[in-house]
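**Student:** Residue strings, one per chain:
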Amino acid sequence: MSALTRGESREPLPVPAALVRPTAAELPGRLVPPAFLVLLAVALAAPGLLTAGADPLTADPLNALAAPGAGHWFGTDHLGRDVLARVVYGARHSISIGVAATGLAVTLGVLLGLAAGLSPKWLDEALARSFDVLSTLPELLLALLVVAITGPGTGNVIFAIAVAQIPNYARVIRAQTFVVRRSGYVEQAVTFGRSRLAITARHILPNVLGPIPVLATIGIGQAVIAGSGLSFLGMGPQPPAAEWGAMLSEARNYLRVAWWEAFFPGLAITLTVACLTVVGRRLQRRFEGRTP
Amino acid sequence: MIRRLGAGLAVLWAAATAAYAALLLAPGDTVDILVGDGPDTPEIRADIIADWGLDRPEIVQYLSYLWRLLHGDLGRSYQLQRGVGDVLATQIGPTAQLTLAAAGTGVALAGIIALVTAGRGRWLRGAASAAELASVSVPPFLIGIVLLSLFSFTLGWFPVSGAQGPGALVLPALALGLPIAGVLGQVLRGGLERALEQPFAVTARARGLTERALVARHALRHALIPAVTLAGWFTGTLLGGAVITEVLFGRPGLGQVAMQAVTGRDMPVVMAVVLLSALAYVTISTLLDLAYRAIDPRIRG
Amino acid sequence: MTTTHGEAVPTSAAGGGENVSTVPLAAVADLRVSFGGSEVVRGISLSIAPGECVAIVGESGSGKSVTARTLLGLAGPGSLVRASRFTIAGRDALGFGPREWRALRGRFAGLVLQDALVSLDPLRTVGAEIAEVLAVHEVVPRPRRADRVLELLESVGVPEPELRAGQHPHELSGGLRQRALIASAIAADPELIIADEPTTALDVTVQAQVLRLLAERKAAGAALLLISHDLAVVASIADRILVMREGRIVEEGPARHVLSTPAHPYTRALLAAVPSAASRGTRLATGARRIRSAPNPSAQVLAGTALGHAYGPRRVVDDVSFTLHEGETLGVVGESGSGKTTLARLALGLLEPGHGRVAIARALGPRPDVLVCDEPVSALDVSIQAQVLDLLADLQAEYGTAMLFISHDLGVVHHVADRVLVMKDGRVVEEGDVEEVFTRPRHPYTQALVAAVPTTAV
Chain A
1 MSALTRGESR EPLPVPAALV RPTAAELPGR LVPPAFLVLL AVALAAPGLL TAGADPLTAD
61 PLNALAAPGA GHWFGTDHLG RDVLARVVYG ARHSISIGVA ATGLAVTLGV LLGLAAGLSP
121 KWLDEALARS FDVLSTLPEL LLALLVVAIT GPGTGNVIFA IAVAQIPNYA RVIRAQTFVV
181 RRSGYVEQAV TFGRSRLAIT ARHILPNVLG PIPVLATIGI GQAVIAGSGL SFLGMGPQPP
241 AAEWGAMLSE ARNYLRVAWW EAFFPGLAIT LTVACLTVVG RRLQRRFEGR TP
Chain B
1 MIRRLGAGLA VLWAAATAAY AALLLAPGDT VDILVGDGPD TPEIRADIIA DWGLDRPEIV
61 QYLSYLWRLL HGDLGRSYQL QRGVGDVLAT QIGPTAQLTL AAAGTGVALA GIIALVTAGR
121 GRWLRGAASA AELASVSVPP FLIGIVLLSL FSFTLGWFPV SGAQGPGALV LPALALGLPI
181 AGVLGQVLRG GLERALEQPF AVTARARGLT ERALVARHAL RHALIPAVTL AGWFTGTLLG
241 GAVITEVLFG RPGLGQVAMQ AVTGRDMPVV MAVVLLSALA YVTISTLLDL AYRAIDPRIR
301 G
Chain C
1 MTTTHGEAVP TSAAGGGENV STVPLAAVAD LRVSFGGSEV VRGISLSIAP GECVAIVGES
61 GSGKSVTART LLGLAGPGSL VRASRFTIAG RDALGFGPRE WRALRGRFAG LVLQDALVSL
121 DPLRTVGAEI AEVLAVHEVV PRPRRADRVL ELLESVGVPE PELRAGQHPH ELSGGLRQRA
181 LIASAIAADP ELIIADEPTT ALDVTVQAQV LRLLAERKAA GAALLLISHD LAVVASIADR
241 ILVMREGRIV EEGPARHVLS TPAHPYTRAL LAAVPSAASR GTRLATGARR IRSAPNPSAQ
301 VLAGTALGHA YGPRRVVDDV SFTLHEGETL GVVGESGSGK TTLARLALGL LEPGHGRVAI
361 ARALGPRPDV LVCDEPVSAL DVSIQAQVLD LLADLQAEYG TAMLFISHDL GVVHHVADRV
421 LVMKDGRVVE EGDVEEVFTR PRHPYTQALV AAVPTTAV
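Chains as they are written, first to last, in the UniProt record's numbering: chain A, 1 to 292; chain B, 1 to 301; chain C, 1 to 458.
Isolated chain A, as found in the complex:
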């Protein structure tokens, strides 16, 4: 019935710096992180392909703390288990904790953030405050509270990390909802007389989700770190399960004699998180470049 056009009463922004095309020297840096993530996917789906048949749990005390070599590329640990196999199979524990915790946190965060952004002011205010309270507790201490009650274990660690990360997503979604609600196209839809539910589902939800893939990619990395930290403290998957944090915890008693027992799981965590972070940030730049 009526439509709105609106100009911003500002000067146009200065021309942005030209996008830098990768040079030949930078190309490896661009390719390595995605390639590593593919390798991780293989480790998750078919670990046997990468371990040459070695088993992560088979102990061989006679061959304990053997240095990396032909038989064991990453050496063996203090019980004589193959470190390569433990690192590869460990991806299952470490990464599933990160992915599951992030998935749970994103789901709950989106729902709560959307609810806050669309609610009347008092309810929004209450929800926003509860996000604040939740984020007052470092995830590690929140996890301690959860584990103290429920006992250690993978599921409890996932739950603890997810709860701690909800505010990150909920806050972003809430802010996005505010922006989208006031944006031209939602106003157009309102003036065209669309129903509230239709506007939420068709216009608001898809548009507030924009930053989520990026945040979640980086979030998985941070959840992997948090999970390995909890496992390091003995709250995650219980021995003899191969989890990277737990492996490091055991390995620190043998640092003087067998650097490899700590080195490879540490490298695995670091590379995983670094690659997720790099890929996430690259996605972020692409998103920001595309939306005006």
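Think of the hints as simulated: they come from the structure by calculation, not from any bench.
It should be emphasised that the depicted structure is a prediction, and the values quoted were computed from it without experimental measurement.
Heads up, a few of these hints could be off.
[To be verified] Here are the in silico distance ranges between beta carbons for each label pair:
(1) B:R125 with C:P143: 39 to 45 Å
(2) C:H355 with A:N207: 32 to 38 Å
(3) B:R125 with C:G312: 42 to 48 Å
(4) C:G43 with A:R194: 53 to 59 Å
(5) B:M1 with C:L163: 20 to 26 Å
(6) B:R212 with A:R256: 46 to 52 Å
Note that the Cβ used here is the ideal one computed from N, Cα and C, for glycine as well.
Could you slot chains B and C onto chain A? The hints should help.
**Tutor:** Frame of chain A, contents of chains B and C only:
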């Protein structure tokens, strides 16, 4: 300001309530949970019921719990047979030492990183970016392990564990401070570079200011604004990291207490640690909020 | 060399004597500035004599701002500056190092940018910003600086300078903070003031005040390099006008010549594209006559009755009524904070009115009957603005669409509207036929608005 204090108190109240709710909602009998792995005698059970008022209506239990907290009574550890307040009081010193040293180290390093690399050539910026990526990708306990094997095991410069003397503080403070330096340094640098592109920077240069004076008098203050908004992350990293660092370096402190309490399922101590952490958060974020107001006059009115 | 120009011969302040007027303050020949291989200034020559006002006019991307900043050695990071001649105050600036440039900045030439809200450091007080210039060039000993800051604020017409010096830019009105920005630019008494879009973000009455202030500085002997996208803004003050397009000067000459008898087609197009009373009923882009159907006064499509809206205690729209007929354009003019945009949102039903009501004629069909335009062209270059306004006029002619057209720009409203509402502080102070209101304004506020509009008429 009164509003700010009110919000802080509300957060503390909510944290206390959440801890209490967690205790009540946990599967199993509340008395069993409070006994945890400690000695289980009829006398202790009777004490617990009396202390927590478990024979009274739940609303009365809750209110008397809040009332005790208001008076600084954190309850009693039935495993250690001591007041929780006592347990924490003896351990708070080393933790405060560690976190303050780490915060100082982190902030100082971040400032140096930002000032040295802002607006500089590709190599320096690349190195700083790599360091920042490392600081968010390397788990804090791994930083500690690397520092230990390098400086304690290999070079023998610092003790492997304990809290005796300032030497014993160096590696833990570094392990806890490095991740902070990496992230904060990146944020500060980004803030500096953005500030240096603002129109007011052009105006200031057009007055004849040197770049150094421009950074010192104008840009640095702008760069602090995004840094101050990291309050929550900063506190979480410090407190959460303190637990891991204390365990790794065998330092006494609240982190060790918390770990033992969790392992021994000593709920009163765990709840008190949670509350203490919320208190630290509220204190730090209130202080940083005050700093924010001092830095940015636009949000005062 | 200098051009002859009527009234702007420098007198006392610049030192006097023929000698001075023959040595330009700044002179460049074949100036080229490029950023990473793309040249944004492509061989321009320009000279500014003491006491003279030179204006560079062009649309965004024309290279006018870069040219101005290059004269201060501030072309920006990654820039490459070349010129066959580049002298500042008689010295060869091509060999200047950072130290030489710094000595000139602020002292020899002061810079005034657009929008003091971001061009002054928002975290520092206005007084501190002005004092900085005094400190850098040590023009006033420290104990005297505070007094000098107050004198400067006073000299640019800031009332209550003691109070204002201690305030931050956001605490000042747009006009006052732009004056403060000018005070900081002239603090070290430079011979040249470079003003880059100094009035662009300002309301029309404030714009007139700032232009008057710059004219005063010129009368006091300072030379002025004025950069603007708006020919009308520079018309009243410039001695010479340079028209820039895509890094080149397409036309230059005495202001009167350029404005009254433009030689280059681009200058003519720029002048023709400025919407105004004279351009009513023509296509801006081509100047051709436009046939339009008269509004249909019997078919009312949108009406607001006694509308009001308040944010807290502040009534942003207060007892406003309007009607809009088929094929009609109702202009709404007013300065920032007058309640225009709130009115638009009330008209669209995006806001619930505190009181009053909005009646919309029911219409069946895919096309809107009413188009509400809220500052649709305010951020656009004049040529793009012309295209948008032509397009809106075409829509109206073809479909009989009614338009509620909100703008701070009186020229635009005069060009498009049939009737006009003049708003101030949420109320309508005057309304009527656009021709009537703008040529014979009755309300003092409307009179002030109309008087403040810069024109290209000479």
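**Student:** Just tell me: holds or violated, for the beta carbon distance of B:M1 and C:L163 against 20 to 26 Å?
**Tutor:** 24 Å, holds
**Student:** Is 53 to 59 Å respected by the C-beta to C-beta distance linking C:G43 and A:R194?
**Tutor:** Holds, since C:G43 and A:R194 (Cβ atoms, about 55 Å apart) stay within the stated range.
**Student:** Against the range 46 to 52 Å, how does the distance between the Cβ atoms of B:R212 and A:R256 compare: consistent or not?
**Tutor:** 47 Å, holds
**Student:** Hint says 39 to 45 Å; check whether the CB-CB distance for B:R125 and C:P143 agrees.
**Tutor:** At 43 Å between Cβs, range holds.
**Student:** Holds or violated: the 32 to 38 Å window for the beta-carbon distance between C:H355 and A:N207?
**Tutor:** The hinted range 32 to 38 Å holds for C:H355 and A:N207, with Cβ atoms some 34 Å apart.
**Student:** Kindly confirm whether 42 to 48 Å is satisfied by the beta carbon distance between B:R125 and C:G312.
**Tutor:** 47 Å, holds
Comparing the model with each numbered hint stated earlier shows that all of them hold.
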